[in-house]
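Asks: Using the sequences and the hints given, assemble the complete structure.
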Amino acid sequence: MTTLFIAVLNMSITASIVALAVILVRQFLQKTPKIFSYALWAVVLFRLVCPVSFESGLSLIPTKPAAIPRDIVYSQNPAINSGIGMIDNTVNHTLNSSLPPVNPASSANPLGIVLEIAAFNWLLGIAVLLSYGAVTYFKLRQRLFTATLCKDNIFETDLIQTPFVLGFIKPKIYIPTGIAENELTYIIKHEQTHIRRRDYLIKPAAFLALTLHWFNPLIWLCYLLMVKDMEMSCDESVLKQSGEDIRVGYSNSLLSLSVKRSGLLSPLAFGESNIIARIKNILNYKKAAIWVVVVAIIAVAAVAVVLVSNPQPSAITGEKSSSNEVSGADEPIETIVEKNLSVILSSPQESSNPQDYIKAHQDEYENIKKLGGEEALQYMLAQFAKGNNNDLRGQIMMALCKELLGVRNNVTDQTLSPQEWFSALSIRQEIKLPDFVYAGNDPIEKLVYATEVAQNTNQRGFTVVAPKIFGSYAEGTKLKVFVTTYSATYRLYDKTLSQEGGGVVPAAITYTKDAGGNYVLEEYKRAMDGSYFAKSIRQYCTMPVSGKEIAGLADKILNHYGNYEDIRSLHRENLIKHLQNNQQTDVTLYSRSEEILLKFNSEIAKVQSQLAKLEADSREISLKIRSLTK
Amino acid sequence: MEQTKLFDAEYKFMNIIWDLEPVNSTELSKVSLQKLGWKKSTTYNMIRKLAERGLLKNENATVTSLLKREQAQKYESEALLTKAFDGSLPAFLAAFLQDKKLSRQEAEELQKMIEEATK
Chain A
1 MTTLFIAVLN MSITASIVAL AVILVRQFLQ KTPKIFSYAL WAVVLFRLVC PVSFESGLSL
61 IPTKPAAIPR DIVYSQNPAI NSGIGMIDNT VNHTLNSSLP PVNPASSANP LGIVLEIAAF
121 NWLLGIAVLL SYGAVTYFKL RQRLFTATLC KDNIFETDLI QTPFVLGFIK PKIYIPTGIA
181 ENELTYIIKH EQTHIRRRDY LIKPAAFLAL TLHWFNPLIW LCYLLMVKDM EMSCDESVLK
241 QSGEDIRVGY SNSLLSLSVK RSGLLSPLAF GESNIIARIK NILNYKKAAI WVVVVAIIAV
301 AAVAVVLVSN PQPSAITGEK SSSNEVSGAD EPIETIVEKN LSVILSSPQE SSNPQDYIKA
361 HQDEYENIKK LGGEEALQYM LAQFAKGNNN DLRGQIMMAL CKELLGVRNN VTDQTLSPQE
421 WFSALSIRQE IKLPDFVYAG NDPIEKLVYA TEVAQNTNQR GFTVVAPKIF GSYAEGTKLK
481 VFVTTYSATY RLYDKTLSQE GGGVVPAAIT YTKDAGGNYV LEEYKRAMDG SYFAKSIRQY
541 CTMPVSGKEI AGLADKILNH YGNYEDIRSL HRENLIKHLQ NNQQTDVTLY SRSEEILLKF
601 NSEIAKVQSQ LAKLEADSRE ISLKIRSLTK
Chain B
631 MEQTKLFDAE YKFMNIIWDL EPVNSTELSK VSLQKLGWKK STTYNMIRKL AERGLLKNEN
691 ATVTSLLKRE QAQKYESEAL LTKAFDGSLP AFLAAFLQDK KLSRQEAEEL QKMIEEATK
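Protein sequence lines, in the order shown, are assigned to chains A and B. Using this note's numbering, the first residue of the first sequence is number 1, and each one after it goes up by one. Using this note's numbering, the first residue of the second sequence is number 631, and each one after it goes up by one.
For the record, the hints were derived by calculation from the structure and aren't laboratory data. Worth double-checking, as some hints may not be accurate.
[To be verified] Pairs of lysine to aspartate or glutamate residues, derived as EDC-like cross-links and limited to a Cα-Cα distance of at most 16 Å, are as follows: (1) K665/B <-> E231/A; (2) K642/B <-> D158/A; (3) K635/B <-> D158/A.
Replies: Set out below in structure tokens:
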């Protein structure tokens, strides 16, 4: 449900941009026949219901098609990527500050809960709108049962005020009783044009698209404008069809209809501004010159193409391929760093502790890290190379550099001054390794390792997996294997390994034998999160073809998940083997928890040695006392 | 009577009954389909509703009207007179005769009716 909601949100964003563009273009088309404005709404409709489109260099859409990533709820740092820096920064900043911190142990972040609630409300809104539409439709139909046939598909009844078309399969025209003969012809022609253009299908379809996006007020506006354009272009079509100049007669019938509707003989009741606009349009109508028509057609076609297609990735400026997500900055890196540094240095003036300054200006500090990233690091290192950076500014730059370098910083001495730190710095270089490859002979293990590595691989480093295979079941041409895999992704800097991510996930993998007799991956079903964990596992513990439940399997998998020491040690083994195979020896694994553990252990060792000394002392003293009392 | 106010559809339906009565209900629904474009269920519903209001009766699948054409016409014209001419018959006639002329026969009929009414 949430993924669907996210897809609709993305569509709404793109559609809104298209809608704004169409509204703008419509202004220019005011003097042209309304059919062109009406045609443009088709693009908006397309964007409202179709989440994908073809890419074209001609596209004028400034945002990416999936500004809200589909897996945002699983991300450690939930962020949107619309391609427009300013929007991304504002939204991501709000996300960071308003949501509770991400718990790396859980598989879905707090944003997921927010989105689930929002998605639920969204469905509720749709239900309300659809029931309203359905109820009004059926109530109207009820009234029309006793309408009497005039001819063909035209019925009349005194229970309605305005003529209209109703019906999806065999649309019928309904006229109120008591309309003069001459006016009747115009009205019937108008409604028949609606039928010819399939408007009785288009309007409900547009309404359905509107219900999907009921939360977006811009789309409501689009619907109202579209209906206006629909009516007016229909009027124009009637005028075009009729031989003589019927403008006056036609306008008169519109007028008398609206008068009847309001029940008063006073001129147009308020709220009927549409009738005014229609009459104005009719009286001003003249057959458009051919060149106007041609120009309008070209304009509409051009607008449609640039709005229907998605932008190609390189078309978006400021796109960085590094892991730093967002860059809306067109400014040179020097400006970004210096600007933010000067803000940080501005207060609090009384303190000489750089941490106080950093704490007082968290945003600017983060800005340098996020917006500046790798470039900012290089800039600051260049500053250190020039020398003379032992002041407060140098302290802050050192703090930033240490954070940006992360594990690549080999200097652990915290007492060094900035320049001293810099001269001791020898940046650990990353050694890029491939993903783990299974070297054994077991055919099932081969398949599983290959699949798990493929499923878990990512750009953040090389991936090692350790699967526990609960069983493999062959049925017909299919093979289904049940595994729980401990996978982790690492980056190697010189001799230090840093873990970038990982997890333990149960899954059911289905393979199909292909023409050559080899098994190829057909379906990879992961256990779901949270409350659906156990249920989803029970659901997938079935035979691959017959779907029969495999007794006891789900329980085995769930029990194992409570204590997976076996795959943890297998993972360690695999990691060591992998490093050895790639000629990497004497590597230490850096992890924050281990660092804390190490520190803790050294503290304990200190206390233990103190205790031992105390014991030795007290023994000496008691010996001395004994010798004295002898 | 409030019940004799007929909607357009009801009036057209009663017209058929007045022309054909007494009429078999199945026959009636066939004619309604042809003349009014109504489904069978619509016709039967209408028969039921009008029977409830006491305007017709449906016994043994035969429909006869209880409200007669003249009564309905009378009601309609009275309503018209009150609404458009404040109940003034002369005013109505004057308006009616503005564009039309009476034939000799019509004038004689009218004369006779006036004599009867003022007796």
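Asks: All hints, please: hold or fail.
Replies: Hints, one by one, checked against the model:
For a cut-off of 16 Å, the pair hint linking K665/B to E231/A is broken: about 32 Å separates their Cα positions. Our distance criterion of 16 Å between C-alpha atoms is met by K642/B and D158/A, whose separation comes to about 12 Å. Only pairs whose Cα atoms come within 16 Å are accepted, and K635/B paired with D158/A is accepted, the gap being roughly 13 Å.
In summary, the structure is inconsistent with hint 1 from the numbered list given earlier, while agreeing with all the others.
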